[in-house]
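Q: Sequence:
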Amino acid sequence: MSPAAPSAPRSAFVTGAGGALGRAIALRLGQDGFGIAVVGRGRATLDETAALLDAHGIPHVVIELDLRDAAAIETAVSAAERELGPLGAMVNNAAIYPATPFLEIPLEEYEDVVRVNQTAYFAGTQAAARRMAPRGSGAIVNIGSITFHGGWENLVSYVSTKGAAVGLTRAAARELGPAGVRVNCVEPGAFPTKAEEINGDPEAYDAQVVSRQSIKRRGRNEELAAVVSFLVGEDSSFMTGQTLNVDGGWVMA
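2 is the number of the first residue of the sequence shown in the working numbering; add one for each residue after it.
These are computed hints drawn from the structure, not numbers from a lab. Built from N, CA and C at the ideal position, the CB exists for glycine as well. Where hints are given, some of them may not hold.
[As the list claims (entries may be wrong)] Per label pair, the in silico range of CB-to-CB distance: (1) 79 with 57: 41 to 47 Å; (2) 107 with 137: 22 to 28 Å; (3) 250 with 171: 21 to 27 Å; (4) 179 with 102: 41 to 47 Å; (5) 45 with 99: 18 to 24 Å; (6) 238 with 105: 43 to 49 Å.
[Unchecked claim] 20 Å max Cα-Cα, derived SDA-like pairs, lysine to any residue: (7) 217 with 207; (8) 217 with 253; (9) 217 with 252; (10) 217 with 250; (11) 217 with 193; (12) 217 with 203; (13) 217 with 204; (14) 217 with 247; (15) 217 with 205; (16) 217 with 154.
Given these sequences and hints, build the entire structure.
A: Given below as structure tokens:
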């Protein structure tokens, strides 16, 4: 019997790949066989992710990109495909989260959060789907947040845009399903990331998080990445338009 032909190269585009969750997602998808477009702001953190991928022999390209520039996302996706092969997975993960009381939020700050957390998700989903739909396959994952379910003080801009990620997921999934493109959303709970700096005392925050969860420990970034891996893989081939909470049982709704 002749050996099976090697599968064609495929790429995954991961925004916010210099952060803790993005880095874990990039590594996991790389281990799944994707070439990784390491995308985001801050060359130093992107290079740290690239070094980790290098250490595991994972093909990758670093794309330094301000996601406020929605038009540049299309160009970046094209560049990633040229380097790594056809786009098989898009992970819209990057987000900003200024902590400001609602009545004090300047319109400019709100609009800035929308550009990064909402418009860039739309542009990334559209750029990916334009390539995936003609090929009849592909998976898009939008990273939401459990804050959408309860609202969080001083984070109206962030919570609003994370709600929009759920809406984008559902509507895009409805339209793109006939073309073989799946769109799903993951809502992380309180994972250890730089975002926790806005909560002050780390030990007190840990205790607060664990007290609200059914599983009495902190989540690991690799556990969130495993769910993203599932959603872009064949084991979830009949799932689209879904939002999964990965939060240790914090939100059960």
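Q: Now, for every hint given, state plainly whether the structure supports it.
A: Taking the hints in turn, this is what the structure says about them:
Between residue 79 and residue 57 the CB atoms are about 26 Å apart, so this pair departs from the stated range of 41 to 47 Å. At about 45 Å, the CB distance of residue 107 to residue 137 disagrees with the hint of 22 to 28 Å. The beta-carbon spacing between residue 250 and residue 171, approximately 23 Å, falls within the hinted interval of 21 to 27 Å. Residue 179 and residue 102 have their C-beta atoms about 45 Å apart, which keeps the hinted 41 to 47 Å range intact.
Remark: the range hint 18 to 24 Å for residue 45 to residue 99 is upheld by a beta-carbon distance near 22 Å. Look at residue 238 against residue 105: about 46 Å separates their beta carbons, and that is inside 43 to 49 Å. A distance of roughly 10 Å separates the Cα atoms of residue 217 and residue 207; the hinted pair therefore holds under the 20 Å criterion. Only pairs whose Cα atoms come within 20 Å are accepted, and residue 217 paired with residue 253 is accepted, the gap being roughly 15 Å.
A C-alpha spacing of about 14 Å is found between residue 217 and residue 252, which places the hinted pair at or below 20 Å, so the restraint holds. Taking the CA atoms of residue 217 and residue 250, the gap is about 9 Å. The hint holds against a cut of 20 Å. Between residue 217 and residue 193 the CA atoms are separated by roughly 15 Å; this keeps the pair inside 20 Å, and the hint holds. In summary, the hint linking residue 217 to residue 203 is supported, as the alpha carbons are separated by about 16 Å, within the 20 Å threshold.
Distance restraint check for residue 217 and residue 204: the Cα-Cα separation of roughly 14 Å lies within the 20 Å cut-off, and the hinted pair is therefore satisfied. As the CA atoms of residue 217 and residue 247 are separated by approximately 14 Å, the hinted pair is consistent with the 20 Å bound. Pair hint residue 217 plus residue 205 holds up; C-alpha atoms about 15 Å apart against a cutoff of 20 Å. Of the supplied pair hints, the one linking residue 217 and residue 154 is violated, its CA atoms being roughly 24 Å apart against a limit of 20 Å.
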